[in-house]
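Number of protein chains: 2
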Amino acid sequence: MIYLDNAATTLQKPEAVYRRVAECLPLCANPGRSGHRLSVQTARAVYDARETVAAFFGIADAMRVVFGLNCTDALNLALHGGLQSGDHVVTTSVEHNSVLRPLNALALQGVAHTIIETGPGGTLDMAAVAAAIRPDTKMLAVTHASNLTGILNPLAELGALCRKHGILLLVDAAQSAGCVPIDVQALQIDLLAVPGHKALFGIQGTGFLYVGPRAHLREVRQGGTGSQSSQPFQPDVLPDRYESGTLNVPGIVSVAAGIEYINTVGIEAVEAHDRALAKQMLEGLAAIPGVTVYGNADAARRLPVVAFNIAGLPSAETATRLDIDYDIAARSGFHCAPLAHRSFGTANEGSVRISGSWFTTRQDVEAALRAVEALAKKA
Amino acid sequence: MIYLDNAATTLQKPEAVYRRVAECLPLCANPGRSGHRLSVQTARAVYDARETVAAFFGIADAMRVVFGLNCTDALNLALHGGLQSGDHVVTTSVEHNSVLRPLNALALQGVAHTIIETGPGGTLDMAAVAAAIRPDTKMLAVTHASNLTGILNPLAELGALCRKHGILLLVDAAQSAGCVPIDVQALQIDLLAVPGHKALFGIQGTGFLYVGPRAHLREVRQGGTGSQSSQPFQPDVLPDRYESGTLNVPGIVSVAAGIEYINTVGIEAVEAHDRALAKQMLEGLAAIPGVTVYGNADAARRLPVVAFNIAGLPSAETATRLDIDYDIAARSGFHCAPLAHRSFGTANEGSVRISGSWFTTRQDVEAALRAVEALAKKA
Numbered sequence: 005m006i007y008l009d010n011a012a013t014t015l016q017k018p019e020a021v022y023r024r025v026a027e028c029l030p031l032c033a034n035p036g037r038s039g040h041r042l043s044v045q046t047a048r049a050v051y052d053a054r055e056t057v058a059a060f061f062g063i064a065d066a067m068r069v070v071f072g073l074n075c076t077d078a079l080n081l082a083l084h085g086g087l088q089s090g091d092h093v094v095t096t097s098v099e100h101n102s103v104l105r106p107l108n109a110l111a112l113q114g115v116a117h118t119i120i121e122t123g124p125g126g127t128l129d130m131a132a133v134a135a136a137i138r139p140d141t142k143m144l145a146v147t148h149a150s151n152l153t154g155i156l157n158p159l160a161e162l163g164a165l166c167r168k169h170g171i172l173l174l175v176d177a178a179q180s181a182g183c184v185p186i187d188v189q190a191l192q193i194d195l196l197a198v199p200g201h202k203a204l205f206g207i208q209g210t211g212f213l214y215v216g217p218r219a220h221l222r223e224v225r226q227g228g229t230g231s232q233s234s235q236p237f238q239p240d241v242l243p244d245r246y247e248s249g250t251l252n253v254p255g256i257v258s259v260a261a262g263i264e265y266i267n268t269v270g271i272e273a274v275e276a277h278d279r280a281l282a283k284q285m286l287e288g289l290a291a292i293p294g295v296t297v298y299g300n301a302d303a304a305r306r307l308p309v310v311a312f313n314i315a316g317l318p319s320a321e322t323a324t325r326l327d328i329d330y331d332i333a334a335r336s337g338f339h340c341a342p343l344a345h346r347s348f349g350t351a352n353e354g355s356v357r358i359s360g361s362w363f364t365t366r367q368d369v370e371a372a373l374r375a376v377e378a379l380a381k382k383a
Numbered sequence: 005m006i007y008l009d010n011a012a013t014t015l016q017k018p019e020a021v022y023r024r025v026a027e028c029l030p031l032c033a034n035p036g037r038s039g040h041r042l043s044v045q046t047a048r049a050v051y052d053a054r055e056t057v058a059a060f061f062g063i064a065d066a067m068r069v070v071f072g073l074n075c076t077d078a079l080n081l082a083l084h085g086g087l088q089s090g091d092h093v094v095t096t097s098v099e100h101n102s103v104l105r106p107l108n109a110l111a112l113q114g115v116a117h118t119i120i121e122t123g124p125g126g127t128l129d130m131a132a133v134a135a136a137i138r139p140d141t142k143m144l145a146v147t148h149a150s151n152l153t154g155i156l157n158p159l160a161e162l163g164a165l166c167r168k169h170g171i172l173l174l175v176d177a178a179q180s181a182g183c184v185p186i187d188v189q190a191l192q193i194d195l196l197a198v199p200g201h202k203a204l205f206g207i208q209g210t211g212f213l214y215v216g217p218r219a220h221l222r223e224v225r226q227g228g229t230g231s232q233s234s235q236p237f238q239p240d241v242l243p244d245r246y247e248s249g250t251l252n253v254p255g256i257v258s259v260a261a262g263i264e265y266i267n268t269v270g271i272e273a274v275e276a277h278d279r280a281l282a283k284q285m286l287e288g289l290a291a292i293p294g295v296t297v298y299g300n301a302d303a304a305r306r307l308p309v310v311a312f313n314i315a316g317l318p319s320a321e322t323a324t325r326l327d328i329d330y331d332i333a334a335r336s337g338f339h340c341a342p343l344a345h346r347s348f349g350t351a352n353e354g355s356v357r358i359s360g361s362w363f364t365t366r367q368d369v370e371a372a373l374r375a376v377e378a379l380a381k382k383a
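Just so you know, the sequences run in chain order L and Y.
The numbering of the first sequence is the working numbering, which starts it at 5 and goes up by one.
The numbering of the second sequence is the working numbering, which starts it at 5 and goes up by one.
Some hints could be false.
Just some of the chain L residues that point at chain Y, by a computed CB distance under 8 Å [claimed, not checked]:
{"#": "1", "residue": "R41"}
{"#": "2", "residue": "Q45"}
{"#": "3", "residue": "P199"}
{"#": "4", "residue": "G249"}
Read the hints as simulated data drawn from the structure, not as lab findings.
Quick reminder that beta carbons are idealized off the backbone N, C-alpha and C, glycines included.
Isolated chain L, as found in the complex:
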């Protein structure tokens, strides 16, 4: 099988990730709850993972890494915890439902938002973003890379803009974390939401939010923290305030193992690999008669996440044929990004998405291109 659904979850992980999970499980006590050596050792493993995450993203204080269920959970903490009635948020039309749906829910509670339309190119208009910032704007919530087109947004510029206006920058790094370098200090990111199971190669069930010193969030979940147990409210201390209940220790250590693997090969090598894959996908698909590729074709600004359609073939049918006839796993439909499809004019039919990872080869992409070509010829 050729797996090109890495934007949903990376299937192939470094062996070290599986090994770390297998080593962790039989010794996995409850971290930060008890004082016995195994609990302390487990807490130490979580602490080490927090440090690994922090170092990878340029986070000065590892205690500002808050672990949760997934990237959606992290985004919900940032949005529900950081916004209240009377606030205004600027966001974009290429956001995932993990940003749009919380914002729509918050709109019913008096949190307004403005959506910047990218248009069919899928590229953010910086002037439009700047113009949308109002006196009551509290936050810019933006994806680092579209989960539909892989188009990267210019975080450094957005970070500078947010600081200039004194607003918070929330970045959804669901697609980009592990693919391109992200330094929260250099990029001036206040809140960074990251899934563990995508390009960081962790197992499912873990994500985290970096909570920068300019962000003051209410917690969205209360419970046992193992700290200040006699206090009726959440302790103020980080990360305990935002981490209630037993942590996903195997998931957390798996993320650290994934990051260590990336550090070994080098994030720049991953970035170059991904750029080459994106170029191959974009150029290869564009060259096939009857295929429409969505978004600007500048591969230097894209991850290997590409949406397309074959004229005369519904996207679901294309994905099914790729799967059944060619053993290629792709994804069709709306990819939880409804407004992006509106921008691309595919709000009715959706599109097919192929997405690669560090473990995807040129041969994999070539096979997919030949399969798409054959399907387009028959369509």
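Based on the hints, put chain Y in the right spot on chain L.
Frame of chain L, contents of chain Y only:
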């Protein structure tokens, strides 16, 4: 090492649990997102696990099993999703902070609560519970078993009481699920919160909430559900409404493997084993001069979770000595149950807790008793 901290997390799991996780990981696509065979197969594994969970707890509709991060996450969904300003909740003094802290946070939003004091016996006074129900009472939120003393609350009676008054019964089964039979229909439970990593023997990072047909919860997290992606709000369909973002698939299948193991040995066998352990712990500790055991000593109504102190020895010191000198893992302190400690008169010093599981032997408990005896002699 003798591990007696099973109330925090069970350390030893059935081999089948590890095996199932190891089998799952290399084939773990994103369930319910894509249409390719591997994604469908992953979705099927989650569906099967949901059915296994449902059957184990007498849940008629498996779609009413909502998976999340942990039991705390499940309790937060029940409390924050089920209550609003003007509502009143009845709860007890033996609740964990995973119930008390959300209720304290909700109190600031106009949700009142009444706490039924158990007193030093730790047993719930049913008349007091009934008397606390007011016209504005919406819910009774009660633990099935205290995480400090293992004392079981009479769920059947509580269920009948709640139906009589037309209020919801929320049960925190953090300690009891997997130890004693729980049938949500027979017991008339509307909301059941369960951790995956305790007596169900799953790995950490998974818990779930059963949402009964009488409960109508708002979701507390919004995001991608892979369903009705073009809709700006959460889909109404269960479990999607409450499950946003990528599920913890390895965690979920591990819980199913744990339940299958329990089904093989029989929950009645587990119950009998636990009762024998509880009796041994309670009688053994009570017989040691200088040891105080908390709560009523009726082992028939208790899980093998026992809190005690040695006269003249701080609880933290006892746990440290057990760990260092005897290689016995126990937990000291407040166990995230501050009001229970007030009931037992241990609000200042906390207590030591030992807790067993199906894998705990009489020999383990005997060794712990002899260690406590030796420490008490020296104290």
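Here is how each hint holds up against the structure:
no.	hint	verdict
1	R41	holds, 6 Å
2	Q45	violated, 11 Å
3	P199	holds, 7 Å
4	G249	holds, 3 Å
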